[in-house]
Amino acid sequence: MKNGYHENYLKIDLTEKSISQSPLTPEVLKRWIGGVGLGSKILMDETMAGFDPLGAESAIVFALSPLVGTPLTTSAKFAIVAKSPLTNRICDAMCSSGFALTAKKLGTDAICIKGLSVQWSVLMIETDRTGNKKFQLIPADEYLGLSARQTEVMIKNRYGEKWQVISIGKAGEMQVPYATLSHDGRHAGRGGLGAVLGSKRIKAIAVYGDQHFEIHNTNETMKLARLLSEKSFGQETSKYRELGTVGNLLVFNRFNVLPTRNFRSGHFDEVQLLAQQDLAPSRKLARNSCRSCTIGCEHVYAIGPSDEKGVRMEYESLFALGPLCSVSDPEDVLKCASLCDEYGLDTISTGGTIAFLMDCIERGLISGKFDNNQSELKFGDGKAILRLIELMTTLDDSRLVQLLRLGSRKAAYAIGQDSIKFAAQVKGMELPGYHPSKLHAMALGLAVGTRGADHNRSGAYEFDFKHHSNQAEAIVEGVIETENKSAIMDSAILCKFIRGVFTDYYLEIAALLNAVTGFEINATELEEAGARVVGIRKAFNQREGWSMLEDTLPESLMSINSTDSITLEFEKSLDNVMTVEKLNSMIQLYYKKRGWTEQGLVHDMNDNSK
Amino acid sequence: MGRITNLGAVILCGGQSSRMGYPKALLPFGDKTLLTHMIDLLAQRVENITVVASPQQILPPLDPEIKVVYDQVAFQGPLSGMLTGFESTDQSEFLFVTATDTPLLQWQVVKHMYDRSVENHYDIVIPYNGQHHYPLTAIYHRETVLHKIKELLGSRRYRPVYLMEDLFHLKVLLDEFRSIDPDLASFRNLNSRADYRELLNTLNMEVPKEFDPPEIQVEFYGVTRLLIGSANTHVLADDTDALTDCLSLKFPSLIGTVIVDGKLHPAFRFVKNASEFLSEGRVGLKQGDSIMLIHADAGG
Chain A
1 MKNGYHENYL
11 KIDLTEKSIS
21 QSPLTPEVLK
31 RWIGGVGLGS
41 KILMDETMAG
51 FDPLGAESAI
61 VFALSPLVGT
71 PLTTSAKFAI
81 VAKSPLTNRI
91 CDAMCSSGFA
101 LTAKKLGTDA
111 ICIKGLSVQW
121 SVLMIETDRT
131 GNKKFQLIPA
141 DEYLGLSARQ
151 TEVMIKNRYG
161 EKWQVISIGK
171 AGEMQVPYAT
181 LSHDGRHAGR
191 GGLGAVLGSK
201 RIKAIAVYGD
211 QHFEIHNTNE
221 TMKLARLLSE
231 KSFGQETSKY
241 RELGTVGNLL
251 VFNRFNVLPT
261 RNFRSGHFDE
271 VQLLAQQDLA
281 PSRKLARNSC
291 RSCTIGCEHV
301 YAIGPSDEKG
311 VRMEYESLFA
321 LGPLCSVSDP
331 EDVLKCASLC
341 DEYGLDTIST
351 GGTIAFLMDC
361 IERGLISGKF
371 DNNQSELKFG
381 DGKAILRLIE
391 LMTTLDDSRL
401 VQLLRLGSRK
411 AAYAIGQDSI
421 KFAAQVKGME
431 LPGYHPSKLH
441 AMALGLAVGT
451 RGADHNRSGA
461 YEFDFKHHSN
471 QAEAIVEGVI
481 ETENKSAIMD
491 SAILCKFIRG
501 VFTDYYLEIA
511 ALLNAVTGFE
521 INATELEEAG
531 ARVVGIRKAF
541 NQREGWSMLE
551 DTLPESLMSI
561 NSTDSITLEF
571 EKSLDNVMTV
581 EKLNSMIQLY
591 YKKRGWTEQG
601 LVHDMNDNSK
Chain B
1001 MGRITNLGAV
1011 ILCGGQSSRM
1021 GYPKALLPFG
1031 DKTLLTHMID
1041 LLAQRVENIT
1051 VVASPQQILP
1061 PLDPEIKVVY
1071 DQVAFQGPLS
1081 GMLTGFESTD
1091 QSEFLFVTAT
1101 DTPLLQWQVV
1111 KHMYDRSVEN
1121 HYDIVIPYNG
1131 QHHYPLTAIY
1141 HRETVLHKIK
1151 ELLGSRRYRP
1161 VYLMEDLFHL
1171 KVLLDEFRSI
1181 DPDLASFRNL
1191 NSRADYRELL
1201 NTLNMEVPKE
1211 FDPPEIQVEF
1221 YGVTRLLIGS
1231 ANTHVLADDT
1241 DALTDCLSLK
1251 FPSLIGTVIV
1261 DGKLHPAFRF
1271 VKNASEFLSE
1281 GRVGLKQGDS
1291 IMLIHADAGG
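Those protein sequence lines, which keep their order, are chains A and B. Here our numbering is used: the first residue of the first sequence is 1, the next is one more, and so on. Here our numbering is used: the first residue of the second sequence is 1001, the next is one more, and so on.
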């Protein structure tokens, strides 16, 4: 077929040690496109209601897309979809880049892995020249305890550079519910997908294939690819190219929306110490990019003067391990981020849970002592955080370390004393670096997000930063629009950092998809597909026991208790800050505009999963 | 020079003056205001003068000879103001319509249009620069045009240019006026404080202190901070257009990247006082305002 797909997905059952191939019709592919959309559809089909995300019956889906492997810039990405052990709801995370290209050469559009390996293994999947797909489980004892990066290097050294590897670190082995999956130093970070793979006793997956797919209209695809690349060099992406997402830090602080001290404030007095001027240029080592990407957003910083390896730094890691914990020493933050990378820990959930524990300690709910009473955790102490993270992947069983391994929601339940009220999480997932008290669209986006508190599946902050409206209807429509657009970007797949170059979003992305697939999908149909992808994720959660009580924000986040001597222009500009009543009324309107029931239920589960 | 007996003047002064940030009718102009200056320009030349103001608008003291009428609803646009003015005077066959903000208007320009109007019985004689018309420096046949204004407002069509649809009109190219007004000063209107200051300076008139441009703090974030190597600066600017010009002059490295063709590139955005996200178009600024220059793609 000349449509950018292989029209099948692979099913590997680790318990049965079997591999099979299921067909994907063009009709199904047109409905779900690929990536997050296709992955969610397969997860829905391949699992039964109420399954344990860390049980043998769970499935983890690696979904590719029609654009992967084409010359379109930023398209070398894949989605990983599973039920999250952190939230017990759907989780999809994106990663890039070489793994996506090689996995597609297996001659498949997705890989669904179920069952449980008898022993720790590396799952090696390959396709021979006749198109025959096979897999092996190689004992992984020698890789256990290694970082994802080390594992990847060792597997490639042993079996050859042609293999592309995705792996978990020690946190994944220990099934920490916010463990990441990592490839080439990039993490599918949120929701604990590393723990899902770890629960199956798979340390790493290596892929190799040489199957090709055909593009519907090669000339048109090449033309559009050239155009998109040219646009990608413009000012619309300059922030990512010159600074990376770290550039958000000072702007957010000025807007008073930089989550600080476990969301007690939106302003960090010592922010300048962590700003890009301090991280660069003296600390900046390199700028990297994913394969097939012309933006190059990855900025690598040296931890100390003699560090030649460096660590990739993103705004989300910086805010979570810095201001959120009141840490202002850049070296401490870089070291903590590096350690999270090494162990395979989501930096947002790690920083978020630590900030919550610090808050509990400051309120006198728990003791801050750990490490045989040699260390004490408190706001601002980066060295203590570093030690706490180090102990996470050891056999240390002190209470603080145990609580940290749970994530903030479960830790709050364990601590009790109403601490859940100031645990900054939604559905168990820790909040990203946007204080919702002043960002009303973001507050709604975080509350209703199917993945939990999430800035990637709902870029609702875009609405706040462009329109900053108090009008509930405009906010709700803004949230729905950003959710649908994100769903399309994550299904097509293109990197969200290129979104600024599109002037007619759906029309231009439809043109890219049509050139590759020949679907003849129009802008309206593409927008509907975005809503459909949001819908199936909701339908999955509904099947797994979701109730509308989950769509909320902790009350402590509705306003900032600011005693700082700061100018609160941003707050003053609002008639009032977010309240529970206001949020609930927006949630009701959101359900209505989504076409769901007043209880937020999808009317026809089948319609959302066909 | 005597009065023209069948020509009246209608001065529309009820505009919002939003870019000026000060009622144009009250702008000091020597020992007069802009409105009284306009009235003096036309008094003794035309049969009568009617000033059309917005409801409750404060006007400078005027000669009792001057008729003042008020729009029923404020800021409905020039056609609505013309309706109020045209209805209130039935003495003159022709009306010259002007606003308060063309203080360099030359009577010979009005006379020239009036003569053209009379000689061929035009309903409208309107200046034209090849692209745009000047409906607020034009001659109208009162009765005919009044009928058309009512028709347009009834069908919610508010642009003065629609007046010409089926009325007998003459477009006079601006160049035709150069023999009597070489610099075409009659068509120079004042929209911003910068326009006002420049005019007073040209005329060697003192600019009132309160019209000095406000000092604005500009904060640079992200790429712009990298480009100019500074976190903030101060400029004197009445509005965002003037601010953009000031930044271009002060920081040439922004030209071609952040500021293109004199305008802010769509990938960047001004934010006023860390709360108001400004979109395209000129926005007035006042003393003490702080403007953030950020990347439009905030977040990510």
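The hints are simulated quantities; they were obtained by calculation from the structure and are not laboratory data. No experiment lies behind these values; they were computed from the predicted model shown. Beta carbons are placed, not taken as given, at the ideal position from N, Cα and C, and that holds for glycine. Hints are not guaranteed to be accurate.
[Said to hold, decoys possible] DSS-like cross-link-like pairs, simulated, lysine-lysine; straight-line CA separation at most 27 Å:
| no. | chain 1 | residue 1 | chain 2 | residue 2 |
| --- | --- | --- | --- | --- |
| 1 | A | K582 | A | K592 |
| 2 | A | K466 | B | K1032 |
| 3 | A | K466 | B | K1209 |
| 4 | B | K1209 | B | K1171 |
| 5 | A | K231 | A | K17 |
| 6 | B | K1286 | A | K231 |
| 7 | A | K2 | A | K156 |
| 8 | A | K466 | A | K582 |
| 9 | A | K410 | A | K383 |
| 10 | A | K466 | B | K1067 |
| 11 | B | K1209 | B | K1032 |
| 12 | A | K466 | A | K592 |
[Said to hold, decoys possible] Residues from chain B that face chain A, not an exhaustive set, calculated with beta carbons under 8 Å:
| no. | residue |
| --- | --- |
| 13 | P1028 |
| 14 | G1030 |
| 15 | A1274 |
Quickly compare the C-alpha distance for K582 of chain A and K592 of chain A to 27 Å and report which way the hint goes. Satisfied, since the Cα-Cα distance of roughly 16 Å is no more than 27 Å.
Any CB of chain A closer than 8 Å to the CB of G1030 of chain B? violated (40 Å)
Please verify whether K466 of chain A and K1067 of chain B have alpha carbons no more than 27 Å apart. violated (47 Å)
Quick one, are K1209 of chain B and K1171 of chain B close enough, alpha carbons at most 27 Å? Between K1209 of chain B and K1171 of chain B the Cα gap is close to 41 Å, so the pair fails against 27 Å, i.e. violated.
Was the hint right that A1274 of chain B lines chain A, CB cutoff 8 Å? With a minimum Cβ separation of about 5 Å from chain A (threshold 8 Å), the hint on A1274 of chain B holds.
Measure nothing beyond the straight line between the CA atoms of K410 of chain A and K383 of chain A; if it is 27 Å or shorter, mark the hint as holding. Between K410 of chain A and K383 of chain A the Cα gap is close to 25 Å, so the pair holds against 27 Å.
Need the status of pair K466 of chain A, K1209 of chain B: alpha-carbon distance at most 27 Å? Not satisfied, since the Cα-Cα distance of roughly 36 Å exceeds 27 Å.
For a C-alpha distance cap of 27 Å, please report whether K2 of chain A and K156 of chain A respect it. Since the Cα atoms of K2 of chain A and K156 of chain A sit roughly 32 Å apart, the hinted pair is violated (cutoff 27 Å).
Does K1209 of chain B pair with K1032 of chain B here, judged by a C-alpha cut-off of 27 Å? Roughly 16 Å separates the two Cα atoms, so the pair holds.
Given the hinted pair K466 of chain A and K582 of chain A, is their Cα-Cα distance within 27 Å? Given that 27 Å is the threshold and the Cα spacing comes to 21 Å, the pair holds.
Within 27 Å, alpha carbon to alpha carbon, are K466 of chain A and K592 of chain A? holds (24 Å)
Going straight from one Cα to the other, do K1286 of chain B and K231 of chain A come out at no more than 27 Å? violated (37 Å)
Hint check: violations occur at hints 2, 3, 4, 5, 6, 7, 10, 13, 14; the rest are consistent with the structure.
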